[in-house]
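Please model the entire structure based on the sequences and the hints provided.
Residue numbers (the numbering used here), protein chains in the order written: chain R, 70 to 587; chain Z, 14 to 328; chain W, 640 to 973; chain G, 640 to 973.
Treat the hints as calculated values from the structure; they're not laboratory data. Predicted model only: the values in this text are computed from it and were never measured. Some hints could be false.
Ranges between beta-carbon positions, derived for each pair [stated by the list, open to error]:
#1 R:PRO468 - G:ARG649: 20 to 28 angstroms
#2 W:GLY774 - G:ARG649: 27 to 35 angstroms
#3 G:ILE695 - W:GLY774: 50 to 58 angstroms
From the three backbone atoms N, C-alpha and C, an ideal C-beta is built for every residue, glycine too.
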Amino acid sequence: MTMSQADFTHLEMRGIVKQFAGVRALDGVDLDLRGGEILALVGENGAGKSTLINIIGGRWPAGSYEGEMLMDGQPIAFGGPHDALAAGIAVIHQELQLVPDLSVAENLFLGRLPARRGIVNQRAMRAQARSVLDRYGFDVDPAVRLGSLSIARRQLVEIARALDRHARVLVLDEPSSALTDVETDRLLDILRGLRTEGVAIVYISHKLDEVHAVADRVTVLRDGRTVATMTAAEATPGKVVQAMVGRDLGDLYQRADRPAGDVRLAVRDLAVPPRARAGRQLVDGVSFEVHAGEVVALAGLLGSGRTETLLGIFGALPRDGEVTVNGNPIPSGSIEGAIRARVGLVTEDRKESGLILEFTARTNIGLANLDTIASAGIIDRGRERQLAERLAGELALRPPLIERPARSFSGGNQQKIVLSKWLAREPDVLLLDEPTRGVDVGAKAEIFAIIDQLKLRGVAVLMVSSDLLEVIGVADRIIVLHEGVVEGQLPGRGATQEAIMELATRAAESVPVITEAT
Amino acid sequence: GGTTPSGSGGGTAGGECDESETVTIGFSAPAADHGWLGAVISGAEEEAALHDDVEFRSANGGTDADQQANNIRTLAEQDLDAIAILPYDGAALTPVAQELMDRGIAVINIDREFSSPTAFRTWIGGDNYGIGRSAGLFLLEELADLEEAIVVEIQGIAGISVTDLRTAGFMDAIEGSNITVVASQPGDFNADTGREVMETILQANEHIDAVYTHDDDMAEGVVQAIRNAGREDEMILTGAGGSANAMAAIQEGGIYAATFLYNPIMAASAVNLARLVAHGCGMSDLAESQVPQRIQLDATTVTQENVDQYEQYGF
Amino acid sequence: MTTATPESSRIRDWLRFVAANWRSYGLPIALLVIILIGTLTSRFFLVDTTEGGINIRWGNIVNILVQASVIGILAVGMTYVILTAGIDLSVGSVIALAGVAAATFGDFGAVVMVIVGVLTGLAVGVANGLLVTWGRVVPFIATLAMLTIARGLALTITGASPVRITDEAYIAIGAGQLFGVLPYVVIIFAAIVALGWFGLNRTVFGRQIYAVGGNRVAARLSGIPVRRTEFAVYAISGLCAGIAAVLVSARTATAQPSAGTGSELDAIAAVVVGGVSLFGGRGSLIGTLYGVLILTMITNIFVLQNISYDAQLIIKGAIILAAVMLQRRADQEE
Amino acid sequence: MTTATPESSRIRDWLRFVAANWRSYGLPIALLVIILIGTLTSRFFLVDTTEGGINIRWGNIVNILVQASVIGILAVGMTYVILTAGIDLSVGSVIALAGVAAATFGDFGAVVMVIVGVLTGLAVGVANGLLVTWGRVVPFIATLAMLTIARGLALTITGASPVRITDEAYIAIGAGQLFGVLPYVVIIFAAIVALGWFGLNRTVFGRQIYAVGGNRVAARLSGIPVRRTEFAVYAISGLCAGIAAVLVSARTATAQPSAGTGSELDAIAAVVVGGVSLFGGRGSLIGTLYGVLILTMITNIFVLQNISYDAQLIIKGAIILAAVMLQRRADQEE
Ligand SMILES: Nc1ncnc2c1ncn2[C@@H]1O[C@H](COP(=O)(O)OP(=O)(O)OP(=O)(O)O)[C@@H](O)[C@H]1O
Ligand SMILES: Nc1ncnc2c1ncn2[C@@H]1O[C@H](COP(=O)(O)OP(=O)(O)OP(=O)(O)O)[C@@H](O)[C@H]1O
Ligand SMILES: [Mg+2]
Ligand SMILES: [Mg+2]
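Following this line, the structure appears as structure tokens:
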């Protein structure tokens, strides 16, 4: 279907203000979006991007914010997500919004199941689901329970679901955060196709290379305000970052070259059994060492077993094989044992598993340090406060208010709280799982600086990251996993993305969107 | 197996009385979560064990009327000749009793009466209304000298017929008298609840002349509340049922002035009646060759004067 | 890296299969075990072989089904509620209130009585639904308060005495049988289960219930009317309780303000024994049906075996635990 | 963009402050309202001004505290459990079982009786804890089964009849008073609240409880022994119930197998009215204390006013709803 430019949707937002219990998340945002273009929305953590698109998507209903929203010149007011959907707006949310106990097909058509008189047409549903997934080239069985899929495939289901709405306005909030480069490229291609069909697209990402690759225009948010809108040509990374953080950043990656010290962490024949009783080992016979003052990165595709390797070492998953820290073996399946051996873990998802959102920054930091801030089982609050204040200072927590609940901090600052928790223990081995996922460039640079500090202190750092540039920029050594097996090693200096990808996808006959056994 | 009583609800003409054959006797009472019911059930079991000719099956797990009806239907599947039922509620168990009678199983109705006379062969029971009435009459006499007598009523479980009748009998007896009931609260046949309620009632009433409680078990808690408040000389109290503890307290003298018999032994009698009906026999001390239709036990007033006589029946 | 011998790996595969599928067979196996125990310990349970030949005890089979009906109907509504991660503690009291309400209209004939009873149940369900959705009260507390209030109302209406029901047609609902064999009560129960199953598995509404229980936020963002769905399940549970109330009062020809005390816990136990997760989104009505039958048969066996009330409580508690733990074992690793 | 006039913004600020802090003052306000109602409707409640002058009703004040004690002690343990997102339905039955167990040792003197009673409570708590942690049974079902089992055991031990307690020293625990004024019961209650508060707010264990309830996964990955923490809260709840059982049986001088029926719901209601979230991680023991006092005072006023039982149920249900809804309003946007 071809349309003339004039038929294309025109979405405008004027002076949007949104408050959360005292926090001004949006403070007068303007947005202008036309059909047939891809508008990238960028900004630091907490800049208000998700809040803005939650207003577009009806999650925060009219009345809960100030300002006006116009579609094709007509004021619109949504009472909830269903109104926005009815108006032709589809949103891919930052957190996967799927129901694990329903089938893939049911998830695809959630809220609009093919039905007659309220009775679901099962056959039609399954057939339509198959054709939708085929159309986008997503290799997912529509009949299986969603919960049995890996995160990557779930992400694909989420994307297919939004695409299939045939929306006039499509909003994607960090859709690529769980995807590898191959999958991301595929997604960007699909978006370019939709652009030519006249769909208006908002694309949110912290990965500026993606933004650069796909966007026609870039709108930058800072502290809940629109600070700049530029064309793709104008939007050089430097200018975008400058607008985002309001200052210049030095070199993002820092790497102190130090001779590596003694072996801190040694992993021998590590194996992690599958979660459901059937299936292949998630991690199978992995061995490596990390030295004092060395940063080792685990690279690999989604589902290659990187997280499981970290969890296995940390005792959070049952494992076989031997793990020693400073030469002392640490028991399998005992998190307490690992912590006692001075190992720390910064998890992949700070909200789900890193923080207790109701707790303050102070009590979150204290949580991993109860043994040192308490005597005879009674907490010394003074000591806890000192500890938290010291770390908040060292890591430049913003705002430096340690009595605020963790929930009220932005993503990057939440990540600093998680880091503080472990740094307070002065670990010998620090496991970092996607330490910069969903973290803005400013905070990213700070986190890299912290990692560099750790190296100088002689900490052994084992890091997982899906951002290959980051892996290359930070790691001294890169270990590439494929289906739970070590596929090869590369030195950090001089490694290229292509070299890593070749190892990560080796042994795969063809290279589909994701390569994993079902 | 065994003889099946002929006709609707058994009780054939006299003369064929034969106690040699084994008869299957059912028994059902509500769940034994209370001392009185516990005594009812153990009394019935003990009685059944005394007779070699009785195969005894019981079901006592019902915590409401419908559940008990279910249990009785299950019992009835076991080739019963007769059954003794102490219903959770008379009216509510009438349909199932009628069903059994229609199937030729003789029903002995204990205590709470079924609402249809064709739903049972024989009724044996105490007199709930009578308990209330006797208590009322007793207090009228005890408090006759007072110009205005302040009385508190601690009831059983709200919403069941036992409570209802014991209150009705009492209120009817004291109507228009010098007795004023200043508080009337349920104690759930439970000593703790009775105690708690009484503790507050004691706060709200500077002077109380007497307490009428619906149950001896519960009365113990009420007495304790009064004792804890140091006011046991101020008032008297009556129980109901005739528990051993109550008898002992009455004998000691003091606050526990009286109780009114509602003896669980009636269940043992009922089992025996069921046995006789199943055999087609009469009661040996009566001239009739058949078991009578109604046996009403007296809500005898037990006080310090006559407690020696009844002590042995305490449960 | 170690590789297993073909032999040991075959055994391991088999064990894995059993372990993985245990959950699907756990309930039928549990039911079979109970049926076996009942049959072996009592000749009155299902079949009597003592007199030579096989003598099926139809009487007791029908009896079990009748006994399953009330808790079963409550459990259907409860399944809907629990699948949304809610709970309905008020259904026991509704048995009392709706029965009493029906009985109060005893002079208007069976049709009016049934309508009044069922609508009273629905009304309490609607109140629960409003409290949970519009009032944002957690289900446990909203329905706990309604438990109290409904019981209070039942006592108020009756002046605390049981009300007799004399309408023959109404009583026939409880006592009557189709072709003199199949009690209406059982037919009504079967119809509600069938309807309930269809609703959950074949309709959009049913899938919405699973979605709301499985991931509330996702359901909302997909345009599913979460509040309306939640409201509806409480209404349905109230409706089921209203129907159960009519059956109870018809069978006992009395409406009692104390009826149904504690039934909510029996219904919840049946649903959970049937494998429905209290956290919502997981379980099936077939599972609930198993749970209801297991618990009813246990009670039936208790009576046939003349087991005392105290022992019944202890054994029942133990069986509930065993049934739930059997199912959890397989679930463990998820 | 519009900027407000200084005046209107000041009012708005004030409204915001009230809205934001309502939650902190909601409970004291509710308690005050109830005290006001009690004082206005009954001269026996707190002060009597009818005879000129102010006559404080110490008797009833002490009485309220005594009556708050049992539910209050249960509620302290229940707060621990609910803060981990669990629930303990067995405490009512423990009141019966532990009381009965203590009474059975009536010949061995008060010390032995107290120890037996308290340990029995602890034992049930330990069983609950094992079922929930090691057995992976959801708390609702684990403790529901224990409710049933403990009640059954209490009935078995006593043969369903109350057991009279004659040991004077034991009875004195319930009836005795320090300096002839302050009942020991109240002192024990106060001590448990103080200890409970300290444990939750000042110890590592308390922090672990909030962490487990707030985010189980994050707690585990921070090295907190989640299972051990969960186990401990059920043990504590059982212990509290054991202590409550001793007080109940001492005060009544009788141990009853039917004691405590439904107390678990009262305790849960008090905890939730006190603002503790049933989803764990949120709430305080001070809130629970308010909840206990509010519910106890309501009951006290009911009896002082001789309000009929049915009306009590209805009003109590309504007040629970009102109290919970008042607190939810402020919470709305989360
Ligand atoms: N539900 C909420 N309650 C309270 N505050 C909130 C809520 N959602 C967002 N905020 C706050 O609003 C601000 C903007 O958050 P938002 O999620 O929109 O940022 P973002 O730009 O999407 O950041 P990120 O890149 O980390 O996703 C932050 O300060 C955040 O803490
Ligand atoms: N809940 C689950 N049930 C069954 N299998 C799972 C589950 N979660 C993950 N898996 C499987 O485990 C393997 C590894 O999963 P996962 O996506 O966590 O790997 P990863 O290498 O850590 O990737 P990333 O860290 O990028 O998310 C995959 O084969 C995936 O299918
Ligand atoms: Mg965001
Ligand atoms: Mg991972």
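Query raised in the report: Does the Cβ-Cβ separation between ILE695 (chain G) and GLY774 (chain W) fall within 50 to 58 angstroms?
Result: Violated, since ILE695 (chain G) and GLY774 (chain W) (Cβ atoms, about 38 angstroms apart) do not stay within the stated range.
Query raised in the report: Does the Cβ pair GLY774 (chain W), ARG649 (chain G) satisfy 27 to 35 angstroms?
Result: Holds, at about 32 angstroms.
Query raised in the report: When you take the CB atoms of PRO468 (chain R) and ARG649 (chain G), is the distance between them in 20 to 28 angstroms?
Result: 25 angstroms, holds
Violated hint: 3 only; the structure is consistent with all others.
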